[in-house]
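Undergrad: Residue strings, one per chain:
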Amino acid sequence: MAIITDQPESPDLPDSSGPGTELEVAEPDSHGDDSPRTGVFARPMHATGWREWLFTVDHKKIGIMYGALALFWFLIGGLEIGLVRLQLWAPDGEVISADFYNQLFTMHGVTMVFLVIMPLANAFANYLVPLQIGARDVAFPRMNALGLWVFFFGGIFLNLSWFLGGGADGGWFAYAPNTGMTFSPGHGMDFYALGLQIAGIASLLGAINLLVTIINMRCPGMSLLRMPVFTWMILVVQFLLVFALPVITVALILLTFDRTFDANFFNVDAGADPLLWQHLFWIFGHPEVYILILPAFGVVSETLPVFSRKPLFGYPIVVLSGAAIGFMGWGVWAHHMFTSGMGPVSVAAFSATTMFIAVPTGVKILNWIATMWAGKVRFTVPMMFSVSLVAMFTIGGLSGVMHAIAPADTQQTDTYFIVAHFHYVLVGGALMGMFAGMYYWWPKAFGYHLNDRLGRWHFWLMLLGFNVTFGPMHIVGLQGMARRHSVYGEFDGFEFWNKIATIGYFFMLIAMVILAVNIFRTWGRYRRGLEPGAGADPWDGRTLEWAIPSPVPEHNFDYVPVVSDVDDFWHKKYQPDETGKLRRIAYGNDIAQIGDQHPHLPSPSYWPIVLAMGMPLIGFGLIYNLWIAGIGLLLLVGSMFGWTLEPATDPDAGHGHDGHGDHDDDHGAEKPDDGPDDHSDGDGVLAASTANGEAAGD
Amino acid sequence: MGARFARRWRLAVPALLGVLLAGCATGRLDATKPIGEEARDIDGLMRLSGWMAVGVGIFVAAAVVTIIVKFRAKPTDDPDDLPPQIHGNRKAELTWTLIPTAMLVFLTIYTLGTVFDLARASDGPTIKVEGQQWWWQFSYDLDGDGNDDIVTANDLVIQTGEKVNLEIHSNDVIHSFWIPQLNGKKDAVPGRVHHWLISSDEPGIFYGECVEFCGLSHANMQMRTIVLTPDDYKRWEQEQLAGKEAAQEALVEGSAAAAGAALFETHCISCHVVDGVYESAAGGNANLLAGIAPNLTNLMSRTAFAGALYETYQTGPGGEYLRNPDGSLKVNVAELREWVRNAPDMKPARADNQQGMLDFSEVLTDQDLDNLVEYLKTLGSPPVLP
Numbered sequence: 256m257a258i259i260t261d262q263p264e265s266p267d268l269p270d271s272s273g274p275g276t277e278l279e280v281a282e283p284d285s286h287g288d289d290s291p292r293t294g295v296f297a298r299p300m301h302a303t304g305w306r307e308w309l310f311t312v313d314h315k316k317i318g319i320m321y322g323a324l325a326l327f328w329f330l331i332g333g334l335e336i337g338l339v340r341l342q343l344w345a346p347d348g349e350v351i352s353a354d355f356y357n358q359l360f361t362m363h364g365v366t367m368v369f370l371v372i373m374p375l376a377n378a379f380a381n382y383l384v385p386l387q388i389g390a391r392d393v394a395f396p397r398m399n400a401l402g403l404w405v406f407f408f409g410g411i412f413l414n415l416s417w418f419l420g421g422g423a424d425g426g427w428f429a430y431a432p433n434t435g436m437t438f439s440p441g442h443g444m445d446f447y448a449l450g451l452q453i454a455g456i457a458s459l460l461g462a463i464n465l466l467v468t469i470i471n472m473r474c475p476g477m478s479l480l481r482m483p484v485f486t487w488m489i490l491v492v493q494f495l496l497v498f499a500l501p502v503i504t505v506a507l508i509l510l511t512f513d514r515t516f517d518a519n520f521f522n523v524d525a526g527a528d529p530l531l532w533q534h535l536f537w538i539f540g541h542p543e544v545y546i547l548i549l550p551a552f553g554v555v556s557e558t559l560p561v562f563s564r565k566p567l568f569g570y571p572i573v574v575l576s577g578a579a580i581g582f583m584g585w586g587v588w589a590h591h592m593f594t595s596g597m598g599p600v601s602v603a604a605f606s607a608t609t610m611f612i613a614v615p616t617g618v619k620i621l622n623w624i625a626t627m628w629a630g631k632v633r634f635t636v637p638m639m640f641s642v643s644l645v646a647m648f649t650i651g652g653l654s655g656v657m658h659a660i661a662p663a664d665t666q667q668t669d670t671y672f673i674v675a676h677f678h679y680v681l682v683g684g685a686l687m688g689m690f691a692g693m694y695y696w697w698p699k700a701f702g703y704h705l706n707d708r709l710g711r712w713h714f715w716l717m718l719l720g721f722n723v724t725f726g727p728m729h730i731v732g733l734q735g736m737a738r739r740h741s742v743y744g745e746f747d748g749f750e751f752w753n754k755i756a757t758i759g760y761f762f763m764l765i766a767m768v769i770l771a772v773n774i775f776r777t778w779g780r781y782r783r784g785l786e787p788g789a790g791a792d793p794w795d796g797r798t799l800e801w802a803i804p805s806p807v808p809e810h811n812f813d814y815v816p817v818v819s820d821v822d823d824f825w826h827k828k829y830q831p832d833e834t835g836k837l838r839r840i841a842y843g844n845d846i847a848q849i850g851d852q853h854p855h856l857p858s859p860s861y862w863p864i865v866l867a868m869g870m871p872l873i874g875f876g877l878i879y880n881l882w883i884a885g886i887g888l889l890l891l892v893g894s895m896f897g898w899t900l901e902p903a904t905d906p907d908a909g910h911g912h913d914g915h916g917d918h919d920d921d922h923g924a925e926k927p928d929d930g931p932d933d934h935s936d937g938d939g940v941l942a943a944s945t946a947n948g949e950a951a952g953d
Numbered sequence: 580m581g582a583r584f585a586r587r588w589r590l591a592v593p594a595l596l597g598v599l600l601a602g603c604a605t606g607r608l609d610a611t612k613p614i615g616e617e618a619r620d621i622d623g624l625m626r627l628s629g630w631m632a633v634g635v636g637i638f639v640a641a642a643v644v645t646i647i648v649k650f651r652a653k654p655t656d657d658p659d660d661l662p663p664q665i666h667g668n669r670k671a672e673l674t675w676t677l678i679p680t681a682m683l684v685f686l687t688i689y690t691l692g693t694v695f696d697l698a699r700a701s702d703g704p705t706i707k708v709e710g711q712q713w714w715w716q717f718s719y720d721l722d723g724d725g726n727d728d729i730v731t732a733n734d735l736v737i738q739t740g741e742k743v744n745l746e747i748h749s750n751d752v753i754h755s756f757w758i759p760q761l762n763g764k765k766d767a768v769p770g771r772v773h774h775w776l777i778s779s780d781e782p783g784i785f786y787g788e789c790v791e792f793c794g795l796s797h798a799n800m801q802m803r804t805i806v807l808t809p810d811d812y813k814r815w816e817q818e819q820l821a822g823k824e825a826a827q828e829a830l831v832e833g834s835a836a837a838a839g840a841a842l843f844e845t846h847c848i849s850c851h852v853v854d855g856v857y858e859s860a861a862g863g864n865a866n867l868l869a870g871i872a873p874n875l876t877n878l879m880s881r882t883a884f885a886g887a888l889y890e891t892y893q894t895g896p897g898g899e900y901l902r903n904p905d906g907s908l909k910v911n912v913a914e915l916r917e918w919v920r921n922a923p924d925m926k927p928a929r930a931d932n933q934q935g936m937l938d939f940s941e942v943l944t945d946q947d948l949d950n951l952v953e954y955l956k957t958l959g960s961p962p963v964l965p
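Just so you know, the protein sequences line up as chains B and Z, in that order. Here the first sequence is numbered in the numbering used here, starting from 256 and rising by one per residue. Here the second sequence is numbered in the numbering used here, starting from 580 and rising by one per residue.
No lab work stands behind these hints: they were computed from the structure. Mixed in with the good hints, there may be bad ones.
[Stated by the list, open to error] Below, computed lysine to any residue pairings styled on SDA-like, alpha-carbon distance capped at 25 Å:
{"#": "1", "chain 1": "B", "residue 1": "Lys836", "chain 2": "Z", "residue 2": "Gly636"}
{"#": "2", "chain 1": "Z", "residue 1": "Lys707", "chain 2": "B", "residue 2": "Met583"}
{"#": "3", "chain 1": "Z", "residue 1": "Lys653", "chain 2": "B", "residue 2": "Gly598"}
{"#": "4", "chain 1": "Z", "residue 1": "Lys670", "chain 2": "B", "residue 2": "Arg739"}
{"#": "5", "chain 1": "Z", "residue 1": "Lys612", "chain 2": "B", "residue 2": "Ile755"}
{"#": "6", "chain 1": "B", "residue 1": "Lys631", "chain 2": "Z", "residue 2": "Gly636"}
{"#": "7", "chain 1": "Z", "residue 1": "Lys707", "chain 2": "Z", "residue 2": "Gly898"}
{"#": "8", "chain 1": "Z", "residue 1": "Lys653", "chain 2": "B", "residue 2": "Leu837"}
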């Protein structure tokens with residue numbers, strides 16, 4: 256049946272006619288609405304078009320949707336801060352009001368952290384973790400879909416505040432008591448508290464799912480120390496999420512109870528200590544920083560070896576230092592509170608712990624450099640982003656050590672020096688890593704490369720704009736410019752560098768426009784057959800995701816791979832000759848799986864999206880009218896019942912035709928208009944019982 | 580071509596330097612120009628760690644540049660020929676674990692010493708600092724009887740050579756006290772009292788602001804520390820006490836100031852206090868979330884009003900004070916009058932939520948405003964400047 260195209264070195268396989276016909280596995284007789292009834296709804300057995308995306312439980316589609324949503328919110332968060340940059344163009348700026356300014360910087364932070372970088376990491380984790388460990392899906396596919404839709408509704412809910420009286424205005428850190436009903440009587444902070452609560456549920460669902468997947472569903476031979484570093488970092492991050500999210504959940508519940516039910520958790524007059532909120536927030540908030548950065552570290556730990564054509568230098572040390580960062584990340588939270596008045600003993604302790612978290616981080620950077628050292632480095636677009644992560648993150652890491660020195664931090668905290676620091680970490684580190692990942696895995700996910708020339712423009716404008724924007728903030732911060740001030744005075748001497756920073760913002764904006772053009776233009780060209788397919792292994796990759804066709808067939812692996820080494824796929828391409836020198840013995844495209852099997856996969860389901868819809872309703876209810884919350888609760892509980900009564904894999908799916916492997920090669924010709932991602936949904940089912948081939952039900 | 584290139588550079592370098600110098604022209608909040616002893620201690624640590632960071636940064640940057648230049652794949656390379664496959668090197672990795680560790684141990688020891696030094700109390704006088712939306716109050720208990728003898732706002736006045744203990748409070752949300760050239764920041768947290776030191780050997784005006792986000796007008800919550808010589812400080816103290824007496828003297832009947840006082844009694848005393856005259860708002864009032872508004876007893880002795888957002892006396896383009904022919908300072912009547920008329924317009928505030936001064940533009944006539952300003956001008960003598 257399905258034939259993988261673009262394997263020129265593979266003479267045994269018939270070439271198909273073009274990219275649009277790749278992996279065409281639709282089964283004509285399985286379309287239609289003859290689905291059996293399970294529960295209330297007819298099950299979306301063979302949904303196509305938009306329904307295919309809405310009801311999917313496929314980890315790859317879910318990953319792509321996470322990425323698309325993250326990019327959308329990236330646009331929103333970027334435009335929000337654009338207004339801030341315009342306001343700061345000149346002293347005593349009058350572009351926007353102080354009130355709107357406070358809402359903008361609050362929502363910019365919340366959006367970029369919770370709706371951009373976290374879901375971007377989620378996009379890669381969802382798409383790649385099962386592929387890198389040789390699994391057919393995540394452990395709980397429907398729960399995976401639930402996580403996506405909860406995140407989707409959470410983000411919309413959070414941003415609806417813009418249209419319902421204004422966004423949150425208490426800063427993303429929301430320090431009590433400024434965020435209580437007394438000082439912030441609008442609904443912005445309610446949307447913040449409940450919106451983050453909903454987004455948190457999404458992250459928790461994803462984290463549990465990925466943990467179970469990584470621990471239980473690795474293919475035979477893949478011991479923990481043979482796991483790709485990206486998957487390792489995702490594993491560490493999921494542990495951090497599972498332990499950190501309950502803390503912010505508690506904090507947000509306290510805040511919501513204070514605001515909605517007049518509780519007194521942060522009411523100073525009733526004896527509360529506002530530092531309680533700070534401790535809760537930062538016990539979550541600092542591990543959160545590693546939640547944001549470690550996935551990017553994982554990405555470059557994949558790309559640097561591939562493009563240097565060398566193995567990762569000190570694989571066990573890189574893995575170990577990632578895990579060490581995860582552990583030490585729990586002991587440094589109060590460095591956000593050096594000026595909060597918690598006393599010199601606490602300050603000294605957290606100053607010391609913070610200092611030493613730089614050690615594993617530094618080890619990682621030096622190992623990456625050693626990986627590239629003496630290599631034959633190919634400066635492709637993903638490699639350029641990866642190298643820039645190494646250089647730019649280093650700057651952010653070093654200024655981080657400067658804040659670890661508590662007395663110095665009393666001068667630096669809450670100034671633009673800190674803003675510069677964490678943007679070098681989160682833009683220069685996390686975001687550069689995510690862009691590297693996008694260009695690196697795009698051919699795997701979609702079957703074609705993003706345009707190289709536009710990619711280079713994107714990279715250079717991004718690098719330039721980023722440094723022009725955030726570099727000067729180091730200077731202006733040391734000169735005393737405070738964060739979160741909607742205006743500065745004409746005698747403060749901040750004007751020059753603020754103008755430079757605002758100019759830099761527009762470079763970054765143009766870079767993002769170029770990225771958007773690249774995505775849409777290349778997609779359009781690919782659909783018209785103007786872009787060549789990428790093949791299974793376009794970069795001479797090292798890990799298992801390159802051992803299967805691009806784009807990845809719905810079932811991922813025809814047969815479950817067995818691995819015997821780190822970078823097992825690479826060792827299948829290079830072996831030592833008689834002199835002991837490594838020689839190429841095969842090309843990835845030749846030895847990759849061809850995607851012609853059709854194992855039984857979990858069926859699509861309505862329940863995840865319906866259940867998720869209940870959550871924003873409960874949120875609205877808590878803000879406006881508890882009856883709405885009642886409706887939301889009914890929807891939620893009802894969906895849970897529907898979900899429970901629905902088997903993970905529909906027992907009737909695809910039975911009645913077992914003709915796997917004997918399909919025609921020319922299905923593509925029958926449906927020429929279908930896009931490259933248009934895979935079938937559970938037809939041609941093959942009850943393949945393999946070690947882990949069956950994605951478990953949830 | 581070389582000559583043209585060189586000519587271009589001859590022009591470019593001074594231009595670039597000029598641009599950078601323009602950027603280095605610093606303002607009055609510069610933390611890298613420490614004056615106070617505490618700020619100098621911190622600055623030493625900052626410079627040490629800063630140069631260490633620069634050193635490490637240059638090392639990493641040099642490595643990256645070397646990789647880009649030297650280890651770049653060439654088009655002539657045989658695609659199947661691999662560079663040496665090095666999986667790691669324990670000795671190298673141990674080295675680059677231990678060297679940063681040693682550097683950090685050194686920094687940590689230095690840091691911890693400074694942390695405890697800065698936390699010590701001094702035997703100098705104590706001044707109570709209160710932050711509230713969106714201004715700072717400073718109270719002096721001169722005789723140690725537990726009653727504040729001088730209550731002022733915006734200007735914290737201290738004398739040279741004395742380490743002052745600050746007791747930092749907040750009356751509503753969290754604020755942070757910061758005079759960059761004298762010391763680092765310390766948060767003002769409601770329900771807690773935080774201790775902090777401040778000192779300077781040089782007289783001068785040192786600027787500062789609230790640096791913990793505290794709501795709508797966070798950007799407009801500024802302050803000054805005025806450091807006076809001991810003689811000037813003595814004079815300032817006496818003038819403050821004299822101002823309390825003077826405020827109680829009867830105003831000339833029928834004068835604009837007297838009319839202003841009547842208006843003040845009608846519209847202002849539910850929030851503002853004038854010691855010994857209007858004290859209905861003393862001890863806190865329910866009209867404001869913070870409970871207090873600035874005590875106006877010595878209003879004219881302060882260099883700034885409205886959370887140090889506006890100058891009490893007129894200044895020239897370079898920030899210098901303008902003077903009348905007789906040498907006295909020119910009162911900034913225009914902005915003072917406008918402030919009384921419509922304060923939320925000059926400094927964003929949620930007056931409807933008891934945060935900040937009300938808008939009186941619908942209440943007071945032009946004549947009322949003139950009279951009120953005349954009354955305010957009688958409160959206190961001009962500031963003692965360093």
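Undergrad: Compare the structure with each hint and give your call.
TA: Each hint tested on the structure:
no.	hint	verdict
1	Lys836/B / Gly636/Z	violated (36 Å)
2	Lys707/Z / Met583/B	violated (39 Å)
3	Lys653/Z / Gly598/B	violated (58 Å)
4	Lys670/Z / Arg739/B	violated (47 Å)
5	Lys612/Z / Ile755/B	holds (23 Å)
6	Lys631/B / Gly636/Z	holds (24 Å)
7	Lys707/Z / Gly898/Z	violated (29 Å)
8	Lys653/Z / Leu837/B	holds (19 Å)
Of the numbered hints listed earlier, those contradicted by the structure are 1, 2, 3, 4, 7.
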